[in-house]
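Novice: Input sequences plus hints: build the corresponding full structure.
Protein chains: 4
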Amino acid sequence: MSVFERLESNVRSYCRTWPAVFDCAQGARLTDENGRSYLDFFAGAGSLNYGHNNPVLKRALIEYIERDGITHGLDMATTAKRAFLETFEDVVLRPRDLPYKVMFPGPTGTNAVEAALKLARKVKGRECVVSFTNSFHGMSLGALAVTGNAFKRAGAGIPLVHGAPMPFDHYFDDTIPDFLWFERLLEDRGSGLDVPAAVIVETVQGEGGVNVARAEWLRALRDLCRRYDILLIVDDIQMGCGRTGGFFSFEAAGIVPDIVTVSKSISGYGLPMSLCLFRTGLDIWQPGEHNGTFRGNNPAFVTATAALSAYWTDDRMEKQTRTHGERVEEFLTGLDETAAGNAKARGRGLVWGLEFADDTRAAKVCSRAFALGLLLETSGTRSEVVKLLPPLTISPDELGEGLDILGRAVDETR
Amino acid sequence: MSVFERLESNVRSYCRTWPAVFDCAQGARLTDENGRSYLDFFAGAGSLNYGHNNPVLKRALIEYIERDGITHGLDMATTAKRAFLETFEDVVLRPRDLPYKVMFPGPTGTNAVEAALKLARKVKGRECVVSFTNSFHGMSLGALAVTGNAFKRAGAGIPLVHGAPMPFDHYFDDTIPDFLWFERLLEDRGSGLDVPAAVIVETVQGEGGVNVARAEWLRALRDLCRRYDILLIVDDIQMGCGRTGGFFSFEAAGIVPDIVTVSKSISGYGLPMSLCLFRTGLDIWQPGEHNGTFRGNNPAFVTATAALSAYWTDDRMEKQTRTHGERVEEFLTGLDETAAGNAKARGRGLVWGLEFADDTRAAKVCSRAFALGLLLETSGTRSEVVKLLPPLTISPDELGEGLDILGRAVDETR
Amino acid sequence: MSVFERLESNVRSYCRTWPAVFDCAQGARLTDENGRSYLDFFAGAGSLNYGHNNPVLKRALIEYIERDGITHGLDMATTAKRAFLETFEDVVLRPRDLPYKVMFPGPTGTNAVEAALKLARKVKGRECVVSFTNSFHGMSLGALAVTGNAFKRAGAGIPLVHGAPMPFDHYFDDTIPDFLWFERLLEDRGSGLDVPAAVIVETVQGEGGVNVARAEWLRALRDLCRRYDILLIVDDIQMGCGRTGGFFSFEAAGIVPDIVTVSKSISGYGLPMSLCLFRTGLDIWQPGEHNGTFRGNNPAFVTATAALSAYWTDDRMEKQTRTHGERVEEFLTGLDETAAGNAKARGRGLVWGLEFADDTRAAKVCSRAFALGLLLETSGTRSEVVKLLPPLTISPDELGEGLDILGRAVDETR
Amino acid sequence: MSVFERLESNVRSYCRTWPAVFDCAQGARLTDENGRSYLDFFAGAGSLNYGHNNPVLKRALIEYIERDGITHGLDMATTAKRAFLETFEDVVLRPRDLPYKVMFPGPTGTNAVEAALKLARKVKGRECVVSFTNSFHGMSLGALAVTGNAFKRAGAGIPLVHGAPMPFDHYFDDTIPDFLWFERLLEDRGSGLDVPAAVIVETVQGEGGVNVARAEWLRALRDLCRRYDILLIVDDIQMGCGRTGGFFSFEAAGIVPDIVTVSKSISGYGLPMSLCLFRTGLDIWQPGEHNGTFRGNNPAFVTATAALSAYWTDDRMEKQTRTHGERVEEFLTGLDETAAGNAKARGRGLVWGLEFADDTRAAKVCSRAFALGLLLETSGTRSEVVKLLPPLTISPDELGEGLDILGRAVDETR
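Chains as they are written, first to last, in the numbering used here: chain W, 1 to 414; chain X, 415 to 828; chain G, 829 to 1242; chain U, 1243 to 1656.
Simulated from the structure, these hints should not be mistaken for laboratory data. Computed from a predicted model, the values in this text were never measured in an experiment. C-beta atoms are modelled at their ideal positions from N, C-alpha and C, and glycine is treated no differently. Take these hints with a grain of salt, some might be off.
What the hints assert, rightly or not - A few chain W residues facing chain X, derived, Cβ under 8 Å:
| id | residue |
| --- | --- |
| 1 | L7 |
| 2 | N10 |
| 3 | Q26 |
| 4 | S47 |
| 5 | T71 |
| 6 | R82 |
| 7 | L141 |
| 8 | G142 |
| 9 | H290 |
Specialist: Structure representation (structure tokens):
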């Protein structure tokens, strides 16, 4: 019995799907301890948008470590943090005219969501936060309470309260006007819905099954929040950092959220880092009111700065993501209907899902793809969707190779 | 106005105490961007027990990055993780006969605490968790609910429930028998205290003011939990990894907690990493029931393995910590009573606190020490305690130098 | 200043609407201390279905008091309680084939709702209870949490949790399929709705604006609860005891709820009394697990028994209620459209509402009606509905007289 | 099988202790359907301080019913309510200089407690309410959350939150200074206790085992609440209305609570009625913010007025209660030590408890007393206390007779 089986908790999960011991990685490829190579259409669940061990970032990282740059900085001022803040301001915020303060809430996505929820409740003096069906925001109690998945929720061991779910876009296959239920509850003071402090939303629900909100739905949500004095939080942890094309996933809709959570690919190198951004006027935090040991993960600031400088000073990345995405879409919609069992494709930028009518099929496809050398994850409550999340920096050849394998896996599991 | 003031949230805190922009660091010293050097009696709030950028760990880290070892691994099996698990088993668990499974709950302390609380509630089917006066366990909602500090609690924006505080050791200056109140509530089924799923405790409360629990108090707590079928969680995030002498802070008391949280110095290099350890029989997690993007921060596994191998295969580290600690104790208790305003010293291993009768004095001492080139933090609810937390690997000379500065700072602030 | 203004809390409400000091009452008429008489279309908010001081019940009550029958009995066995239970079984339960145990949960409606919710949660081991938009179930914390009205909810002083509102019948003017949202949330394990222990519903929402659920909607709700293993609680506090025709308001739909709350008119005389009925198999209460000082209000048992014997051993009461109701409906729908500002009438049995487009109109109508000698209450979140709730035993002449006054009040307020 | 066993819920309790079917009652005696007479040392759990069917009140009640006085009045102004308010002001409030507004919160004790808690939380804008070990305040969710009994709490079916228990007087047999723990938690902003909105206390805990708080303890509590800006709620439901001597049980301590709940014997006749009294400045209720169907139980106002007029315009009642109490005390302390197994007596006014060392003994004593014709209840979490609660109006002969029976029951159960 391996040490993983003997010593590691039953909670481990990906290692069951992909029974290999990985050793090293480069770009869109991982290699296991036996030297076998795998193409990666998973990208650290969206944390490796620039590929594994991206050489540009790697160089900056090693240089920083070599010269004994500050590693652990809490929320002390450091030269690495300053470089990041200035670059983030120059490359990301200012060009998009985004009026945000930057908070380092701790280096994980759920830390960022907790901070966002705390701030929203403090600002508005209300407890309820609205989330959406099939949302995923994290595993600590605050984030879990606005997460849809019943299996994850049951892990809390206490009732999860102060949240209320609303239907995400397309939840009723577009037969029901958007926000009919939500707005009716808000305008009816006898509805039983306590006025929420905030709404938290993903523009594309990655864990929830690659559910894509339309731009007009997001705009209507932005408008509804404004009219009812509710803060809009966009959780851009998985869909930000270029995954859908623009740096933030909400840019395409032309909206400005009140609060934004960013993590996963923000460090660019897979290093733990996250941000909570919010309108300047919302910055009512007292010094030290929220803290955390690893807020100042300076090596991550270094790679984050390098990633912004390398990829976001012009629009090449965004264009390439679109081009890649179109190719994926073409491939998925071109799948043989019989072979794919009428699977439905949906996505935006370079995140795509293929939903099978038969709930067991997606797992079979991923399993077969793994055997063929491709890492692919399922998503959705019933694991009914194959999720495609290749590095944004993948080469056209590798993208083609991966799609071919996926095609074979679909074909061989029918 | 600097980018920190302009762009970073008001929540930032340490950068206000130490108004410098730090650039690099080595061992027990940091250097700011102007080349000024500071001795470090803070050690990343306990995350840098082996000093800044420890050369042994640094070599391993750079080597790993150079060879493109897996950086981001979720909970996939990797060679780096295997090496860590095997080393942790060989060097830490087996020699101490600790019957634990290892969970990677996400790389921060609060992630580990959230996982511990979730598991305890799941196992026992109860909601209440008992914590202690002046406890500190983290900033996400689950951890915050068992944290004592009213200022931090108010940040939640919702009422924090399912927790109940009990008096920590010495809370009544030893005039009251230990656990009198707690046990009376448990044995009286009319007391109004719902039987707790777990008790969560720090053996030394770092943030709470360097409050040290006696070994016999911890043993009595262990016994009480056993008698009432309550799980005992030791939060060893700040006090573990050798801070008090032994690897775990509870070893000296001869107790075996049911659940242990470990973070801060576990990676050895200040990289985000945490563990939740629990008795094998408690491992009722379903695969994937708790997850998180940065659970598999493999560079941290690499430095963690190197740290365990370099420092914990014999008892030199433990002995040195004791020696350093005795020297600190001697110094603190030898402070001129008039100069120090009858400040009281307390501590264990290499964590020490100096509590001033005048609540404003500790901040003045730290501020003066900073001016003299020493980083020192206050702790306690009223910031009434100067906390000494030097790297365990500090040299005798540096330790002496730091104590001298502290002596001057005390003297110059009377 | 009167003693009411000087000494009674600001919370008092009806005495503001009807500024008179009432002294005595008989049937459908009250008389104030100046001898002025008022016709009563309010009936103690549904507590006086048999009219004020009904002579049949009055005789039984005085007789019982005269002979020193037990007044206060907690849950002791008494001859008065036995008579009630036997009569309730013979006259109500057995003819309708209702398989219920009877609990005396305390003499108010909110006591009954609290007991129902406690039992449902105990039985199912779940916390969430679904209620409906514009529901009203009571003012104690458990009942308030499933009540829709935001103004009432705010009185709690704590966040009200463990409830989730769903759309009542006609909430979207029948443009949306019934239970579309509710069932979708239940079947989608990623929806974020925790599986509820129970659904609590009024068949006609009295306080919520006289909203009438269709029989087929109630049947579909019954069916949905069965399919998802959720208990169905009908709160028949205001609509039971013959108000809609049959003894229970759910009879017409042909459904059998799992739990039923009964209060208001159950004693028949306006004396505090309530029941919680539930399927035999749900009776998992431990002796004394729920208690209350006034559960055994024996004078109320006496009048309740007399009321059942006098009015429910044949179908005359039910028929008369229907006849009265048809007359009210005819009158309301025949109101001059211009005069009534296109007010909409709705109701069932002898509970009717007249909703005005102009929110301020209903209060004006009630105020004018009072000046003309008729007690009429508004209902609905915005007090936009005039509610007609005459005693069921009202004479045809009095009913006509009241409707005439209402007609004048409508006419004179346009 | 009787209708009680067949039809009534398992939750029934007293009818198991006293297996008789009671029919009528007068003064301190009940008669069952077989004509057997029982002396009553239970008094409706404190609801029958003036005895069963007190002739003075009975006359007023029948007169009122005969003349068709308003029975059910919600919160309408009535002549009966006015008479009560004026009498209550003249006889109770003014002579004691109590600056209270009067709220009719619904006719049960738990309604009054719910109203008190809601108001306290509204006024202070805080959620937490401190209660005491072995407290009993009611069965609806708000009241249950501040009740100590674990068995009753478990009935809630949800976690009970927003409450914190503190030690009642004598909880540590006077070895610990009063309020040591409570005040320490309040003054320590790191204690983990959220500042409470209110403290709720019984001066003598009836259900909790006849635990008597000393006057100086109550004064210290009053003082502590004032110093920390916490509202003091005295729950005088069981101990008010003369049970301990004065009309309110807190009078003897010379304190003025901010809020007082009154119920049980306030109507004097065992009819459901309750009051919530509070300082005028706390009356921030909006009209109708708290309501309830049976707030205006006018027959209860009539008997309440008659009781106040008959018994509280001079000090005879108070003196007689003291005299009776002294006799009971003398009897209990004079019990043969061997026979009584060193039972300990405690009490105040005419409420007394006899605590047996052997937990099973009290039930045996009560059971034997019942066989000998005396109703006696146990109290305390383990039912370890025999509780003596005779009507205040009991005759010296009947009191002697009851004590004799108790003596025999003790003797015959050793």
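Novice: Now, for every hint given, state plainly whether the structure supports it.
Specialist: Going through the hints against the structure:
1. The restraint placing L7/W at the interface with chain X holds, with a minimum CB-CB distance near 5 Å, inside the 8 Å limit.
2. Interface restraint check: N10/W against chain X, minimum CB-CB distance 5 Å, threshold 8 Å, status holds.
3. With 8 Å as the threshold, the beta carbon of Q26/W comes within range of chain X, its nearest partner Cβ sitting at about 5 Å, so the hint holds.
4. Residue-level restraint check for S47/W holds (minimum Cβ-Cβ distance to chain X is 5 Å; threshold 8 Å).
5. Checking T71/W against chain X by beta carbon gives a least distance of about 4 Å; that is within 8 Å, so the hint holds.
6. Satisfaction of the interface hint for R82/W is found here, the shortest Cβ-Cβ separation to chain X being roughly 6 Å, below the 8 Å cut-off.
7. A hinted interface residue such as L141/W counts as satisfied when its beta carbon comes closer than 8 Å to some beta carbon of chain X; here the least separation is about 4 Å, so the hint holds.
8. Nearest Cβ of chain X to the Cβ of G142/W: about 4 Å, under the 8 Å cut. The hint holds.
9. Given hint, H290/W at the interface with chain X, holds; its Cβ is 5 Å from that chain's nearest Cβ, closer than 8 Å.
When the structure is compared with the earlier hints, no violation turns up for any of them.
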